[in-house]
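Here are the chains, one letter per residue:
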Amino acid sequence: MKKLEVKQATKIFGKSPKRGLELLKKGLSKQAIKEKTDLNVGVAGATFNVESNEIFVIMGLSGSGKSTLVRLLNRLINPTSGTILIDGEDITRMNAEQLRTVRRKKISMVFQGFALFPHRTVLDNTLFGLEIQGVDKEERKERARQALIRVGLKGYEDSFPDQLSGGMQQRVGLARALASDTDILLMDEAFSALDPLIRKEMQDQLLDLQSDMQKTIVFITHDLDEALRIGDRIALMKDGQIVQIGSPEDILMNPANEYVEHFVEDVDLSKVITAGHIMTRAEAMTCDRGARVALQLMNDNGISSIFAVDRNKKLLGVVDADDAAAASKSGTPLREIVQEVKPVQVDTHLSDLFEDISKSTIPLAVVDEQGRLRGLVRRAAIIHALAGNTAFTKAEEVQNV
Amino acid sequence: MNETFLPKIPIGHWADLLIQFITDHFEGFFGYIASGIQSFVDSLVWIFALMTPIVFILICVAIAFWRRGIGVALFTLIGLVLIYDLGYWAHAMQTFALVLTSVVLSILIGFPLGILAGINKTFHRIMTPILDFMQTMPSFVYLIPAIFLFGTGMPPGVVATIVFAMPPTIRMTGLGIRQVPSDLIEASDAFGSTTWQKLFKVQIPIAAPTVMAGVNQSIMLSLSMVVVASLVGAPGLGADVYLAVTSLRTDIGVEAGLAIVIIAIMLDRISQNTRNKKTGES
Chain D
1 MKKLEVKQAT KIFGKSPKRG LELLKKGLSK QAIKEKTDLN VGVAGATFNV ESNEIFVIMG
61 LSGSGKSTLV RLLNRLINPT SGTILIDGED ITRMNAEQLR TVRRKKISMV FQGFALFPHR
121 TVLDNTLFGL EIQGVDKEER KERARQALIR VGLKGYEDSF PDQLSGGMQQ RVGLARALAS
181 DTDILLMDEA FSALDPLIRK EMQDQLLDLQ SDMQKTIVFI THDLDEALRI GDRIALMKDG
241 QIVQIGSPED ILMNPANEYV EHFVEDVDLS KVITAGHIMT RAEAMTCDRG ARVALQLMND
301 NGISSIFAVD RNKKLLGVVD ADDAAAASKS GTPLREIVQE VKPVQVDTHL SDLFEDISKS
361 TIPLAVVDEQ GRLRGLVRRA AIIHALAGNT AFTKAEEVQN V
Chain L
1 MNETFLPKIP IGHWADLLIQ FITDHFEGFF GYIASGIQSF VDSLVWIFAL MTPIVFILIC
61 VAIAFWRRGI GVALFTLIGL VLIYDLGYWA HAMQTFALVL TSVVLSILIG FPLGILAGIN
121 KTFHRIMTPI LDFMQTMPSF VYLIPAIFLF GTGMPPGVVA TIVFAMPPTI RMTGLGIRQV
181 PSDLIEASDA FGSTTWQKLF KVQIPIAAPT VMAGVNQSIM LSLSMVVVAS LVGAPGLGAD
241 VYLAVTSLRT DIGVEAGLAI VIIAIMLDRI SQNTRNKKTG ES
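In order, the protein sequences belong to chains D and L. Numbering of the first sequence is given in UniProt numbering, commencing with residue 1 and proceeding in unit increments. Numbering of the second sequence is given in UniProt numbering, commencing with residue 1 and proceeding in unit increments.
Just so you know, the hints here were simulated from the structure itself, not pulled from any lab data. Bear in mind the structure is a predicted one, so any value in this text is a computation, not a measurement. Built from N, CA and C at the ideal position, the CB exists for glycine as well. Possibly wrong hints are sitting among the right ones.
[Claimed, not checked] Below are the DSS-like pairs computed for lysine-lysine, each with C-alpha atoms no more than 27 Å apart in a straight line:
{"#": "1", "chain 1": "D", "residue 1": "Lys359", "chain 2": "L", "residue 2": "Lys8"}
{"#": "2", "chain 1": "D", "residue 1": "Lys238", "chain 2": "D", "residue 2": "Lys271"}
{"#": "3", "chain 1": "L", "residue 1": "Lys121", "chain 2": "D", "residue 2": "Lys154"}
{"#": "4", "chain 1": "D", "residue 1": "Lys34", "chain 2": "D", "residue 2": "Lys238"}
{"#": "5", "chain 1": "D", "residue 1": "Lys18", "chain 2": "L", "residue 2": "Lys198"}
{"#": "6", "chain 1": "D", "residue 1": "Lys106", "chain 2": "L", "residue 2": "Lys121"}
{"#": "7", "chain 1": "D", "residue 1": "Lys18", "chain 2": "D", "residue 2": "Lys238"}
{"#": "8", "chain 1": "L", "residue 1": "Lys198", "chain 2": "D", "residue 2": "Lys141"}
{"#": "9", "chain 1": "D", "residue 1": "Lys105", "chain 2": "D", "residue 2": "Lys141"}
{"#": "10", "chain 1": "D", "residue 1": "Lys141", "chain 2": "L", "residue 2": "Lys121"}
{"#": "11", "chain 1": "D", "residue 1": "Lys34", "chain 2": "D", "residue 2": "Lys2"}
{"#": "12", "chain 1": "D", "residue 1": "Lys238", "chain 2": "D", "residue 2": "Lys15"}
{"#": "13", "chain 1": "D", "residue 1": "Lys137", "chain 2": "L", "residue 2": "Lys121"}
{"#": "14", "chain 1": "D", "residue 1": "Lys7", "chain 2": "D", "residue 2": "Lys154"}
{"#": "15", "chain 1": "L", "residue 1": "Lys8", "chain 2": "L", "residue 2": "Lys121"}
{"#": "16", "chain 1": "D", "residue 1": "Lys137", "chain 2": "L", "residue 2": "Lys201"}
[To be verified] If you want the ones that stay clear, here's a sample from chain D, every Cβ over 12 Å from chain L, calculated:
{"#": "17", "residue": "Arg75"}
{"#": "18", "residue": "Glu97"}
{"#": "19", "residue": "Leu99"}
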């Protein structure tokens, strides 16, 4: 379901933004317009949808317009043109009263510099949104306490923001946004001000919270690793325009243009690509078949072992060709010669596969959460994914020229 | 002088006409204000008298202790007892009432104006030169129209004091509001605050230390006006100093002057901006 639809959203800063719109229509770039007039194009024709329960990352370098774009979504900055629909309602046409209701009930925000109120305790910061809405005093305190527990800040209710570390302060910022219980969460470079270890911890916590709470999150960042780590989909921005929208893998494997290629060329692929991306179809047989059938299947496919599964495709183990040959002579049931294997999950990153694959003589079995066999990963596939990626070869060529 | 290439622009005459016009048409209105101020000051003096010096001193010491601690409390105790001992208690109470009235009115008028100047850029631009004018025009000059409009005694003294002492409250309030970090304003807006909610829950609380610094300055400027106010007949320590100057009495001059200094330091320390103890910052 579409939670947020943005169509041709444009923001031009300056005295006569209408003129800028015309110049944009004529196809002039941000720089050209800046040179010609005093106008500064913040966002130009941004169009995208955000689905319910999705983490949508808007990423770009500073000055790319990403912070402006996120502020258009709750109209902290009024768009010059375009429409922004939240649950099908166009917020650009709303009056102040309607807009306030949307901000109170549907969309909350976490800020880069935390933006905590220094004169309020952690609890009073957290309940701010509820207080503004006029929620009953005891209820808002209770809801704020719950939000603080969620972010792991139980016991800090009466502290003041400046008594907390950066990471803890941003947890308060997050709790404040969660307390309002809005469907949509805007996070403007929420973790950028934190040091790397804390940042990673916060990312993990956000992912945990998300699997629990199922919010629709629009996350702004300039950090590609962060975008790849937490984004279900990523929009890449440059000079106020969205250059590419896609899943992290899309962006890495099929960059839309040189800019994106250049952007992603230093990414550690092993931390992005998962077993699910590179697995191939696995030959498998159910255990109630005989050893002879197993041998036959291995012969047909030119393999020396085959995975054994039960009727529900749940992985039982692997059957070796030699064992199968012996078993077919002696008439041992197949079940007795199945050797256990250590499978990997579909979403395991390549970086976590290296050790397993180096120890294993056979391809790794890939299973889903229910333990069902989904495919297998060969050594060659890993190496291929890390090295033989056409998009990246192109990027190098571009650089060499 | 008749050879000037420009005829004299009769600014002084215009000012004269303006005051004449106002006294002719709004005399009743200003009369009400004057009697209002007079009765406010009178009731303060009456309350102070009712309290008796001992109670008054104890209250001041308690406030000083609560605001700043033992040092200022001790100073307040010794200072006020000294004033009493020197025999200036009644006049000190009059001065106290004058300053308190001026400061209360300065805050009542200045705080809203300051907020408006903090929020509205146009108002800020209009207000700035007016405030400059109010502060740089020699304070004696205010006395002349004040006499016409409010007669003699306490009321013109209070009005002249307000005109001179109010600008810091307006300026610092505006500054405090403008200095609220923009991301806090954004946060307030993002959660759906109305303008009033934003003002009372975010802007004013965060501006409070700066506003207090302005109020502190207003108090100090009010005290510096007590001698000037005595020129139009405002009673109190200022009148003693004025008398000392005109009759060349060093003793009265030093004693009354010392009393003013004691009150000034006491009020300054008590009203000085102290950081919120709870946040533990100094």
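Status of each hint after checking the structure:
In summary, the hint linking D/Lys359 to L/Lys8 is not supported, as the alpha carbons are separated by about 104 Å, beyond the 27 Å threshold. Between the alpha carbons of D/Lys238 and D/Lys271 the distance comes to roughly 25 Å, so the proposed pair stays at or under 27 Å and holds. Of the pairs offered as hints, the one joining L/Lys121 and D/Lys154 is violated, with about 43 Å between alpha carbons and a cut-off of 27 Å exceeded. With a C-alpha separation of about 15 Å, the suggested pair D/Lys34 and D/Lys238 falls inside the 27 Å cut-off, and the hint holds.
Using a Cα cut-off of 27 Å, the hinted pair D/Lys18 and L/Lys198 is violated, with the two alpha carbons roughly 31 Å apart. Taking the CA atoms of D/Lys106 and L/Lys121, the gap is about 32 Å. The hint is violated against a cut of 27 Å. Taken as a hint, the D/Lys18 and D/Lys238 pair is honoured in the structure, with Cα atoms around 22 Å apart against an allowance of 27 Å. Using a Cα cut-off of 27 Å, the hinted pair L/Lys198 and D/Lys141 holds, with the two alpha carbons roughly 20 Å apart.
A distance of roughly 18 Å separates the Cα atoms of D/Lys105 and D/Lys141; the hinted pair therefore holds under the 27 Å criterion. Distance check on the hinted pair: D/Lys141 and L/Lys121 sit about 37 Å apart at the alpha-carbon level, beyond 27 Å; violated. With a C-alpha separation of about 35 Å, the suggested pair D/Lys34 and D/Lys2 falls outside the 27 Å cut-off, and the hint is violated. Restraint check: the Cα-Cα separation between D/Lys238 and D/Lys15 comes to about 23 Å, which is no more than 27 Å; the hinted pair holds.
For the hint linking D/Lys137 to L/Lys121, the alpha-carbon distance of about 36 Å lies beyond 27 Å, and the restraint is violated. The straight-line distance between the Cα atoms of D/Lys7 and D/Lys154 is roughly 41 Å, outside the 27 Å bound, and the hint therefore fails. Restraint check for L/Lys8 and L/Lys121: not satisfied, since their Cα atoms lie roughly 36 Å apart, outside the 27 Å limit. Proposed proximity of D/Lys137 and L/Lys201 is supported: the alpha carbons are some 15 Å apart, at most 27 Å.
Listed as a non-interface residue, D/Arg75 fails to keep its Cβ farther than 12 Å from every Cβ of chain L; the least gap is roughly 9 Å. The claim that D/Glu97 is not at the interface with chain L is violated, since a C-beta of that chain comes within 12 Å of its own (minimum 9 Å). Not every C-beta of chain L lies more than 12 Å from that of D/Leu99, the closest at about 8 Å, which undercuts listing it as non-interface.
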